[in-house]
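Colleague: Take a look at the letters that make up each chain.
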Amino acid sequence: MALLEVKDLEVCYGVIRAIKGISFEVNKGEIVTLIGANGAGKTTTMQSIMGLIPIKSGFVSYNGIDITKMPGHKIVNLGMTQVLEGRRVFQELTVYDNLLMGAYAVKNKHQIKEDIEKVYERFPILQQRKSQIAGTLSGGEQQMLAIGRAVMIHPELLMLDEPSMGLSPILVDQIFDIIKQLNEEGTTILLVEQNAKKALKVADRAYVLETGNIALSGKASDLLENDDIKKAYLGG
Amino acid sequence: MSIIMDGLSLGAIYALIALGYTMVYGIAKMLNFAHGDIIMVGAYAILTILTVTGNPLLGILVSIVVCTVSGVVIEKFAYKPLRGASPLAVLITAIGVSFFLQSIAQLLFGAKSRPISLPYLGHVTIFGAEISVNTIITLIVGAIIMAMLTLFVKYTRTGRAMQAVSEDRGAAILMGVNVNGIIMITFAIGSALAAFASLFYLMQIPSTSPTLGSMPGIKAFTAAVIGGIGSIPGAMLGGMLLGLVEKICLSIPAISQYTTAIEFSLLILILLVKPIGILGKKRREKV
Chain X
5 MALLEVKDLE VCYGVIRAIK GISFEVNKGE IVTLIGANGA GKTTTMQSIM GLIPIKSGFV
65 SYNGIDITKM PGHKIVNLGM TQVLEGRRVF QELTVYDNLL MGAYAVKNKH QIKEDIEKVY
125 ERFPILQQRK SQIAGTLSGG EQQMLAIGRA VMIHPELLML DEPSMGLSPI LVDQIFDIIK
185 QLNEEGTTIL LVEQNAKKAL KVADRAYVLE TGNIALSGKA SDLLENDDIK KAYLGG
Chain F
139 MSIIMDGLSL GAIYALIALG YTMVYGIAKM LNFAHGDIIM VGAYAILTIL TVTGNPLLGI
199 LVSIVVCTVS GVVIEKFAYK PLRGASPLAV LITAIGVSFF LQSIAQLLFG AKSRPISLPY
259 LGHVTIFGAE ISVNTIITLI VGAIIMAMLT LFVKYTRTGR AMQAVSEDRG AAILMGVNVN
319 GIIMITFAIG SALAAFASLF YLMQIPSTSP TLGSMPGIKA FTAAVIGGIG SIPGAMLGGM
379 LLGLVEKICL SIPAISQYTT AIEFSLLILI LLVKPIGILG KKRREKV
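Sequence lines, in order, name chains X and F.
Heads up: the first sequence begins at 5 in our numbering, then just goes up one per residue.
Heads up: the second sequence begins at 139 in our numbering, then just goes up one per residue.
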């Protein structure tokens with residue numbers, strides 16, 4: 005059984021059908037990537053799964069539980085969360101308070117303390133900046149904080165929306181290393197990326213989204229060699 | 139000296155009410171124009187208990203409970219069904235709730251204003267100025283409440299969640315925050331603060347009428363906007379500033395008649411110089 009199953013998902017903004025009935029699945033332990041151009045519907049798909057955008061029709065299940073109409077905060081408590089596009093750290097809170105917010109659903113104080121230490125180990129820069137207001141961090145640091153904050157609840161499935169956006173090449177590599185690392189530690193990953201090449205290199209499987217439909221899908225390594233994909237997304 | 143003390147204590151009243159406006163605006167993104175009428179609800183609660191039992195302390199306690207419950211009930215039945223509706227619809231609903239509360243009060247207690255006899259606590263002389271004990275209590279209790287609120291928002295799990303929802307609702311949901319629950323708590327806190335404001339207001343002007351809440355409500359809303367709506371320290375600062383201005387203007391015979399006009403002009407002036415209010419923060423729309 006797939007960890008996340010999306011079936012005939014349809015999402016509308018007013019009369020505009022942004023997602024026109026797509027189906028895909030993410031299995032336990034995989035890295036799956038959703039690639040596509042601007043406006044293809046990647047972010048809409050991601051946010052509708054988490055209950056942030058209402059679903060018109062279709063069916064989403066997590067671990068066999070129907071989450072199609074479940075409010076977002078309850079979905080989080082099932083063990084999946086998302087790093088939103090644009091990082092969306094709480095700009096007016098300190099780095100430390102952002103991490104505490106990440107652990108909002110965790111009740112065990114001892115556990116929270118330990119997890120924050122682990123985040124600091126993974127991202128030493130965050131420890132240096134722990135009492136700084138998050139809005140003053142650089143883009144890369146904010147992305148690290150956003151990921152650090154998301155892993156505070158030990159998600160079984162972590163969805164990342166454009167984690168490399170607006171970062172320098174070195175930081176992009178670093179972020180992808182972290183994604184790989186998280187996956188090796190047992191976190192299943194659903195990744196949305198514009199940097200298709202990087203995404204396909206790190207992923208097991210991929211879906212190509214084009215104006216609300218899935219145009220192609222398959223093993224990431226195969227898509228990396230696909231001529232159409234090369235032309236459209238990998239720069240020839 | 140006594141003018142400044144009076145101004146600060148009136149300011150504390152405005153600040154307590156303004157906090158309700160500003161917190162609800164920050165977190166639920168709506169202007170709750172029925173908030174002023176919660177003061178009136180609190181006043182009638184005190185009046186009723188005083189008439190029945192004669193015990194002012196019991197009156198205060200009941201008033202806090204009644205205000206808090208009305209705030210939560212209003213949110214649940216009037217505003218929650220409109221979550222996601224256009225801001226204008228919510229605004230009109232809030233005005234409707236305001237009329238509703240005033241009419242209920244009229245039905246139950248009549249349209250005439252009724253005196254409330256709270257115990258008179260006397261005067262003390264500080265640095266040669268006579269200052270009523272009521273003023274001092276208002277100031278001290280007001281300051282304690284505001285300090286507690288600040289600490290609550292900064293250092294508790296729920297307080298942090300309130301800040302998070304205020305800044306980015308979507309991201310807060312992804313932390314597992316139940317936004318509806320946080321909005322309910324915000325209404326409860328705001329209304330409880332209004333109950334205190336109601337008590338302090340009655341200590342200054344001991345009579346109540348169905349429209350009692352309108353003027354202090356509007357003044358406190360003005361204070362919240364002056365300070366920067368959505369900002370908690372802003373509401374406190376705005377309230378204090380407006381209270382001081384009001385009492386100072388009232389003490390100068392030449393301009394005392396224009397006090398209200400001066401207060402609202404102050405709002406216009408500050409908005410001209412700083413459209414987001416003194417301590418207001420510019421919100422980023424999208425990264």
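Rather than coming from a laboratory, the hints here were simulated on the basis of the structure.
Here the structure is a predicted model, which is why all the values come from computation and not from measurement.
Each hint should be verified, as a subset may be incorrect.
What the hints assert, rightly or not - If you want a taste of the chain X side facing chain F, the calculated C-beta under 7 Å gives, among others: (1) Thr72; (2) Met74; (3) Gly76; (4) Asn81; (5) Thr85; (6) Gln86; (7) Gly106.
What the hints assert, rightly or not - A few chain X residues that don't get close to chain F, going by computed Cβ distances all over 12 Å: (8) Ala22; (9) Glu96; (10) Asp101; (11) Leu220; (12) Asp231.
Cβ atoms here follow ideal geometry from the backbone N, Cα and C, with glycine treated the same way.
Colleague: All hints are to be evaluated individually against the structure, with a verdict given for each.
Modeller: Status of each hint after checking the structure:
The interface hint given for Thr72/X is violated, since its Cβ lies 16 Å from the closest Cβ of chain F, which is over the 7 Å cut-off. With a cut of 7 Å, the hint placing Met74/X at the interface with chain F is violated, because the nearest CB-to-CB distance is about 11 Å. Contact between Gly76/X and chain F, as hinted, is supported at the beta carbon level, the nearest pair being about 4 Å apart and thus within 7 Å. A least Cβ separation of about 6 Å between Asn81/X and chain F falls short of the 7 Å threshold, and the interface hint therefore holds.
Of the supplied interface hints, the one on Thr85/X holds, with its beta-carbon coming within about 5 Å of a beta-carbon of chain F, less than 7 Å. With 7 Å as the threshold, the beta carbon of Gln86/X comes within range of chain F, its nearest partner Cβ sitting at about 5 Å, so the hint holds. Among the interface hints, the one on Gly106/X holds; its C-beta lies about 6 Å from the nearest C-beta in chain F, closer than the 7 Å criterion. The Cβ of Ala22/X sits about 17 Å from the closest Cβ of chain F, beyond the 12 Å cut-off, so the non-interface label holds.
For Glu96/X, the non-interface assignment is contradicted: its Cβ lies about 6 Å from the closest Cβ of chain F, within the 12 Å cut-off. Consistency note on Asp101/X: stated as away from chain F, yet its beta-carbon is not over 12 Å from all of that chain's, at 6 Å minimum. Its beta-carbon lying about 29 Å from the closest one in chain F, Leu220/X satisfies the requirement of being farther than 12 Å from that chain. Every Cβ of chain F is farther than 12 Å from the Cβ of Asp231/X; the closest lies at roughly 35 Å, confirming the non-interface assignment.
Figure legend: structure checked against the earlier numbered hints; hints not met, in rising order: 1, 2, 9 and 10.
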